[in-house]
Amino acid sequence: MDMNTNLSVAPEPAALDAETGEYERIGELAKQFGITLRTLRFYEDKGLISPKRDGVMRLYTRRDKARLKLILLGRKAGFSLREVKQMLDLYEPSGSNTRQLKVTLEKSEKQLLRLEKQRALIDDAIGELTGAMEVVRADLAKRTGESPRQSN
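Read in UniProt numbering, the sequence shown has 116 at position 116, and its numbers run on one by one without any break.
No false leads were mixed into what you were given.
Computed cross-link-like contacts, SDA-like style, restricted to lysine to any residue with a CA-CA straight-line distance of at most 25 Å:
| # | residue 1 | residue 2 |
| --- | --- | --- |
| 1 | Lys76 | Lys102 |
| 2 | Lys76 | Arg38 |
| 3 | Lys107 | Ile122 |
| 4 | Lys52 | Arg82 |
| 5 | Lys69 | Arg114 |
| 6 | Lys69 | Ala30 |
| 7 | Lys52 | Arg41 |
| 8 | Lys31 | Phe42 |
| 9 | Lys110 | Leu121 |
| 10 | Lys117 | Gly127 |
| 11 | Lys65 | Ile35 |
| 12 | Lys102 | Leu115 |
| 13 | Lys85 | Thr39 |
| 14 | Lys46 | Glu92 |
| 15 | Lys85 | Gln118 |
| 16 | Lys107 | Phe42 |
| 17 | Lys52 | Met87 |
| 18 | Lys85 | Glu109 |
| 19 | Lys31 | Arg53 |
| 20 | Lys76 | Phe42 |
| 21 | Lys110 | Leu81 |
| 22 | Lys110 | Phe79 |
| 23 | Lys65 | Leu101 |
| 24 | Lys107 | Leu90 |
| 25 | Lys46 | Ser108 |
| 26 | Lys110 | Asn97 |
| 27 | Lys110 | Met87 |
| 28 | Lys65 | Arg25 |
| 29 | Lys65 | Ser80 |
| 30 | Lys76 | Arg114 |
| 31 | Lys102 | Arg67 |
| 32 | Lys85 | Arg41 |
| 33 | Lys31 | Ser80 |
No lab work stands behind these hints: they were computed from the structure.
All chains, please: the whole structure from these sequences, using the hints.
If you want it as structure tokens, here you go:
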């Protein structure tokens, strides 16, 4: 048997936050970020976060929390989980992370263009729908004798 094997039940120091010596359990982290336990487990299954374990208990450090924050930001910005993982996987704790920053910036610029195009399409659809609703309101007002009301 390896003499360095840790058989204790307490979490290993690596599972603790290096700065504060604290960790959070899955329920605490889910509540803090407003997500479900299932979502956290899903991100773990996809290799986006890798909490330490104490038996069946998941232990999250500040690093895990930072990654989760980036995952949620990426999802909010419309990135796929695959794209988020690619950007996170470029991070090197002891490196300058220049490559990660360049790739993230490039992907972000492309995503911004996609979102701007989507916004233009949505704005057009809103305009068309608003116009159609005005026509329907006017027609309805003629048929019922009521004055057409305007929507916000």
